[in-house]
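Here the protein sequences come in this chain order: E, X and H. Counted from 1, the first sequence has number 54 at position 55 by numbering that gives the first Met the number 0; the numbering is strictly sequential. Counted from 1, the second sequence has number 48 at position 49 by numbering that gives the first Met the number 0; the numbering is strictly sequential. Counted from 1, the third sequence has number 100 at position 101 by numbering that gives the first Met the number 0; the numbering is strictly sequential.
Treat the hints as calculated values from the structure; they're not laboratory data. Predicted, not measured: the structure shown is a model, and the values here were computed from it. Treat the hints with caution; some may be incorrect.
[As the list claims (entries may be wrong)] Derived DEER-like restraints, expressed as beta-carbon distance ranges:
| no. | chain 1 | residue 1 | chain 2 | residue 2 | range |
| --- | --- | --- | --- | --- | --- |
| 1 | H | F184 | E | K12 | 47 to 55 Å |
| 2 | X | L148 | E | T16 | 33 to 41 Å |
| 3 | X | Y137 | H | E233 | 23 to 31 Å |
| 4 | X | A91 | H | F184 | 38 to 46 Å |
| 5 | H | K143 | E | A25 | 46 to 54 Å |
| 6 | X | P2 | H | A56 | 51 to 59 Å |
| 7 | X | F72 | H | I210 | 46 to 54 Å |
| 8 | H | L13 | X | K22 | 37 to 45 Å |
| 9 | X | L102 | H | L13 | 29 to 37 Å |
| 10 | H | G17 | X | S1 | 50 to 58 Å |
| 11 | E | A25 | X | L65 | 44 to 52 Å |
| 12 | X | A92 | H | F184 | 36 to 44 Å |
| 13 | X | V19 | E | K12 | 36 to 44 Å |
[Claimed, not checked] Result set (DSS-like, lysine-lysine): computed pairs, CA atoms no more than 27 Å apart in a straight line:
| no. | chain 1 | residue 1 | chain 2 | residue 2 |
| --- | --- | --- | --- | --- |
| 14 | E | K135 | E | K100 |
| 15 | E | K68 | E | K44 |
| 16 | E | K13 | X | K22 |
| 17 | X | K160 | E | K12 |
| 18 | H | K64 | X | K22 |
| 19 | E | K111 | E | K101 |
| 20 | X | K83 | X | K160 |
No residue lacks a Cβ here, since even glycine has one placed at the ideal position from N, Cα and C.
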Amino acid sequence: MESLSKRAKVLTKKPMTLAERAYLPAIFQGLSITMQHFFRAATKKQVTIRYPEETRPFSPVFRGLHVLKRDEAGRERCTACGLCAVACPAEAITMVAGERKKGEENLYREEKYAVSYEINMLRCIFCGLCEEACPKAAVYLQADKMAPPRFERDEFIYGKDRLVEPVTPDNRSKRGIQLTPEQADKLRSQLA
Amino acid sequence: MSPLFLFLSFVALLSALGVVLAKNPVHSVLFLILTFFTLSGHYLLLNAQFLAAVNIIVYAGAIMVLFLFVIMFLNLNEETEPHKPALAKFAAAIAGGSLLLILVAAMRNVNPVGYDPTSFDSQIGMVDRLGLVLFQQYALPFELASILLLAAMVGSVMLGKRETGERNF
Amino acid sequence: MDFPPLAWQGLVVLVVFGVSLLIATYSTYAERVIAAFLQDRVGPDRAGPFGLLQPLADAVKLFTKEEFFPAGANRALFVFGPCLAMVTALMSSAVIPFGNVLQFGETAIHLQGIEINVGMLYVFGMVSLGVYGIMIGGWASNNKFSLLGAIRAASQNISYEIAMGLALIAVLMMSGTLSLREITFQQVSDAPFVWQDIFNWNVMKQPLGFIIFIVCAFAETNRTPFDLPECETELIGGYHTEYSSMKMGLYLFAEYINVFVASAVMSVLYFGGFNFPFQAELRNWLVSSQGLELVTAQNIITILGLVGLFAKIFSFIFFFMWVRWTLPRFRYDQLMRLGWTILIPLAIFNIMLTGGLITFGVIK
Ligand code: SF4
Ligand code: SF4
């Protein structure tokens, strides 16, 4: 039969030569390889990334912590349609819908809005289906932020206070959402 | 009688009793090892370092490990110990008693001479002396014994050797 | 300073124990750093400068962990096992001659715990007793996998002891003594040839014996590639499956002390012990051109020899670790086959070879 990849190797089981059977040459070969690595590690750079001081760049398609976006005018985009909760395979999202009152037009974009909106980060598998499902482009998974470890379970239930994008860039940093200075500047100019 | 000797003898007798009286066979073996230890201590007190070391290596180190192997695998313990019939107990008592009797009878006439400082040779138990005696006076039995052991070892190697064509893995 | 000499020797024994413990402690650190370097990593570097306090942190961790007793375990023996492993490991370090004599006026301090003329047998006895620590621990855990692990370890140790002893016999045939100190002294040479000192080391006369010995040393100390007694991955741990906390730590410690002792024994038996090249020349030079007294010069040589011996020991320990992070583990049948059908015949052949060479006066 013609092999598909033409990379197949015919395995021959030759009897081992004396040097192979003596085993020691192979051992020394292995030892020299590890020794090369030893000196490489001792002199050149190791592959270790010393985590808290050094971090690795996130992938641009990384799906991290959720954020509930605001529109250009600073109003919450979410209309509490529940599509994200339906889409969520982990059933991590719960919300309570409410009707927008008069005078709240500057707060909520649509007439119906989410009074409470909670994501349980212990259930969430960060699949991003909520982001896909949202018709209002309200929920996003940030590419640069992870749900940090915590000591208590209830701390993992993120409410609107921690999910909704803050109004001003300075508030954003106060809430612990990490923005690079460029991002903050960009946001400020957008808001202005 | 030095306090060290008294102490060693005390421990030796106690652990020897432990061998017989311990309910758990593993404990018995461990007591037996302790007994070997104290015996080695006695050898040391007699300035027989070689004997002491060999006693530990061969008896405590090798043979007793095999004992322990077997006993651990058999998983004997107090519950599974079979109840011995009274006749067996009786026979054991008679056998042990007669052994004691023979020992006492044999020891009765021994009168320890103590040692004579002028003729006492403190080096008598040293390994080179022992070697000289073994290789001169007892050369033939010694060599025979070593050939026997070597044959046993070669036999075990042969048993362990793969036969031609046999491949288990 | 009017210590009786026996008290000095007692002090030396205590120091030797302390040093063994210290070296075992830092072996754990060295193991991790070397492992890291061999794998292009960094290793522990958080606790203290270069992570040097890591052993301390480990000790705190081990001590504060839960003391766990398996159900149905034999409590006394469960505790006794690791203690025995530790004690036998420590005891065997007592007869290693770490250095020559230090002379302070009247008092002469032998840098050796106890000198007995069957030193080598003593080490052997202690090593063979180390098996009990493992056996007892494995049996007392009341776990059949621990028991199997213990049996595995014990059969391995007993099997390799034979080959080790046979390899050793070749050395003893040349030296004619069992005393480690004597064997060390026999490896000096006062010939003027520069590298003569090294050529007088036993490893030059017993290369095959040395290879057998070091392979057996790996097996005796349960180090990779023969670390089947404690392989976590494929054989459910080993005799210490049920152990936790400091009892576990004692077992690990005992292994490192065993590595240290094995390294020391190999340095003494095959690599000239506390002798180092040019020592006679150096002493003569110190006396003749520096105008030192002979005693002082000898003391300096002794201390240098001590340093030299430790350098040899550390290189062996490094070798142990280097091999550990290079070779994979043997399978158990391969291990037994290597021990019984290869090493033992080789060792017997080595004895015959040595005997022949001695008879024909090629080596002494
Ligand atoms: S990322 Fe996936 S699991 Fe997490 S909330 Fe969205 S849909 Fe649910
Ligand atoms: S986040 Fe989007 S999908 Fe979810 S409720 Fe709000 S608008 Fe609907």
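Hint-by-hint comparison with the structure:
1. At roughly 53 Å, the beta-carbon separation of F184 of chain H and K12 of chain E lies within the given 47 to 55 Å, and the hint holds.
2. Between L148 of chain X and T16 of chain E the C-beta distance comes to about 36 Å, which sits within the given range of 33 to 41 Å.
3. Between Y137 of chain X and E233 of chain H the Cβ separation comes to about 50 Å, which falls outside the hinted range of 23 to 31 Å.
4. A beta carbon spacing of about 56 Å between A91 of chain X and F184 of chain H contradicts the range 38 to 46 Å that was offered as a hint.
5. Separation of K143 of chain H from A25 of chain E is about 36 Å and departs from the stated range, judged on CB atoms against 46 to 54 Å.
6. Taking the beta carbon of each, P2 of chain X and A56 of chain H are about 45 Å apart, not inside 51 to 59 Å as hinted.
7. The hinted range of 46 to 54 Å is not satisfied by F72 of chain X and I210 of chain H, whose Cβ atoms lie roughly 34 Å apart.
8. Checked against the hint of 37 to 45 Å, the C-beta distance between L13 of chain H and K22 of chain X comes to roughly 39 Å, which is consistent with it.
9. At about 43 Å, the beta-carbon gap between L102 of chain X and L13 of chain H misses the expected band of 29 to 37 Å.
10. A beta carbon spacing of about 30 Å between G17 of chain H and S1 of chain X contradicts the range 50 to 58 Å that was offered as a hint.
11. A hinted range of 44 to 52 Å for the beta carbons of A25 of chain E and L65 of chain X is inconsistent with their spacing of about 35 Å.
12. Between A92 of chain X and F184 of chain H, the C-beta spacing of about 58 Å breaks the proposed range 36 to 44 Å.
13. For V19 of chain X and K12 of chain E, the Cβ-Cβ distance of about 59 Å falls outside the hinted range of 36 to 44 Å, so the restraint is violated.
14. Taking the CA atoms of K135 of chain E and K100 of chain E, the gap is near 20 Å; set against the 27 Å cutoff, the hint holds.
15. A distance of roughly 42 Å separates the Cα atoms of K68 of chain E and K44 of chain E; the hinted pair therefore is violated under the 27 Å criterion.
16. As the CA atoms of K13 of chain E and K22 of chain X are separated by approximately 58 Å, the hinted pair breaks the 27 Å bound.
17. For the hint linking K160 of chain X to K12 of chain E, the alpha-carbon distance of about 22 Å falls within 27 Å, and the restraint holds.
18. Proposed proximity of K64 of chain H and K22 of chain X is contradicted: the alpha carbons are some 34 Å apart, above 27 Å.
19. Of the pairs offered as hints, the one joining K111 of chain E and K101 of chain E holds, with about 12 Å between alpha carbons and a cut-off of 27 Å not exceeded.
20. Between the alpha carbons of K83 of chain X and K160 of chain X the distance comes to roughly 43 Å, so the proposed pair goes past 27 Å and is violated.
When each numbered hint is compared with the structure, violations occur for hints 3, 4, 5, 6, 7, 9, 10, 11, 12, 13, 15, 16, 18 and 20.
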